[in-house]
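Chemist: Throughout, the numbering used here is defined as the position within the sequence shown, counted from one, plus 87.
Please keep in mind that the hints were generated in silico from the structure rather than gathered at the bench.
Pair by pair, the computed Cβ-Cβ distance ranges are:
hint: 1; residue 1: T603; residue 2: D531; range: 48 to 56 Å
hint: 2; residue 1: N453; residue 2: A286; range: 46 to 54 Å
hint: 3; residue 1: N453; residue 2: I121; range: 49 to 57 Å
Derived DMTMM-like pairs (lysine to aspartate or glutamate); straight-line CA-CA distance at most 25 Å:
hint: 4; residue 1: K222; residue 2: E119
hint: 5; residue 1: K714; residue 2: D596
hint: 6; residue 1: K601; residue 2: D672
hint: 7; residue 1: K194; residue 2: D159
hint: 8; residue 1: K601; residue 2: D623
hint: 9; residue 1: K714; residue 2: E699
hint: 10; residue 1: K222; residue 2: E322
Note that the structure is a prediction, hence the values are computed from the model and not measured. Note that beta-carbon positions come from the ideal geometry of N, C-alpha and C, so glycine has one too.
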Amino acid sequence: MEHSVGSQTTGLVLEPSSQTTRQPRHAATSAERIIIALFIALPMSCLGWMAIQWINYGVDLPYFDDWRDYFDGTTGSLNIGYLFTPANDTMYAVGKLLESLVFIIFKGNSVVDQFLSMVSVLGLILFFQWILINKAIKDRLLAACAFSLTLFMLQSDSYWGRQNIAYHQALPLIFILAAIYILITHRWLWPLRSSILFALGILSGLAYTSGAFSLLALTVTLIVCIAGNRRTYGELIPDAVALLCAAIITVVVQGYVLVFVQHGQVHSGTPWALPNSPEFWFYMFGKIGRSLMLTASHPLRSLLIALLCLALAVAVAIAGLRNVMTAETRHSAPARLGLVSLLLFASVFFYLLMVAAGRTDLRPANISTPLQLFAFGFARFHFFWATLIWPWVFVGAIMMAMTLWPQREGAIRVAAVVTAGCVVVFTMAAGVFAHASYFRQTSDLSFRNGACLHAKLLAGGPIDCPTLYPRDMTSAYANAARMGASFIRYFPPDLLESAPRNPIWNVLDRPTDKVTVSNATVEIRPGILSLSPGRDVQMAFSVGQADGLHHCLAVRVEATVGVKSPTVVQLFYRPWGAPVFSQADSRTRQIPAGDENTVRFLVIEPHGFRNEFRLDPVSDSQPSIVKELSVSCVLREPGAAG
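Using the sequences and the accompanying hints, generate a full structural model.
Modeler: Right under this line is the structure:
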């Protein structure tokens, strides 16, 4: 390839030629095709391996914030009021909608939930990264080299493996990448393009707080690009207006949550860290270091590497800005590279600023030195956004090298392949494919938490497992059982059968006071009721005081029933607030012919019970005997007296 160096190459730009608006594609050799296939396949294989290992080791058990909606029974709700109710420091209507759909379809199964979100979110990000890179650079070999750096995004301990809802923080990235793709393509006319961009902006802003403010940063950057080169980017003005409207709407909504719901604090009692403090920056550098899969055990070395990579990113951004300002057409590959880099860098940088502002001062008191703060920044999954910029830093650096040394394009391409190969080897050595060991660790934690939940149910509560959720979960469990949550099959209410029963009411001690029989004649003997055949025979009875079971979340009703032929026994109960008995609030048991059929009903009701019950001992017309009828509370609301 020949390159002409004109007056525009006096500055550092991302295009190898000032006169060329479109980079010709190189005809790949056989060796290059193998390298291209390998570099494309590696991230895809890593995602596939990650999904397989999650299926192998995933445990169906909610964790921490996953329990939140079980407390008030809103899990699976499609109510608009619920979807737009702030929680967890943000408004995340998009995520709530997705979780509700998962609960409706899969009953909130954690393994299915995280598998679907993992494959769809990471798969979509990989898809957009690939098509954007190919729009920005026409050399398929270099595009594949850059794409291989998406391996950083696929490292363990990100949004998957613990909480089902953690991935909500990655949702804005999908909408941001989709918006950037629409901005650099020319397939659609502006009315359609702007409408879609507005919708993507709203979705980003309502997915998480970070989505709204990062969208604002992207929009401001786009406006700067338009203002700096209106001749080339002027046609994007309607798009910028659409994104700005979406950003303003969602920033106001999320700002309202921060100011009036959170009282100006992301984390209660923790002040904001400001950019004028060194702690702010060292913590943020830790996120950058973690995104590069560096190690916190050698903080000085990792800090130097992170700063070097950050400096390269700044250089690429400056070159990209120069490229945008001097572009003659926005559809040239260099112009696209500059615009994509600037918009993505702005979004990610603003996100990192938000994370540093909200989380720097959450550190323990013994973390105070710069290197300690840097290492502290490696914790948790907030590094994820930063991983998206490294393929673009790589592409930008290669284009800068081609600008500086146009006559050495072949050597630069070889260097790009070698560099990408070294990065791949480094990520593999750092454990980018080590998903099995990570998910094994998270499953061990889930098993320990499950053992705690199992033991608490056997003991009849209270259900307090601090490593599963930091406060008592008795009411949350009752709601989950009532709603048929997937994990309940592993921790069924039947475990309460062995729980201490307090109090116990023996109903037939004084049957004339407590039992009303309908549609049959009754013969009363001490502790025994003999009922004649009848149609729809009913035994209504009450226990204790009217509010005696208000704070009881699970009751056990037991009786011995004698019948001449097989039949069905049905128990009716009244949840607290229910005016009458109903089929919805009943349970049935089939029994064979015999005099000593023990029938047990264990019923969970998150809001407690009225003290009134009804037992229908037979479903057909035949004589029956009922004895040893008792009601007991086996799971009580936390703090309620027995």
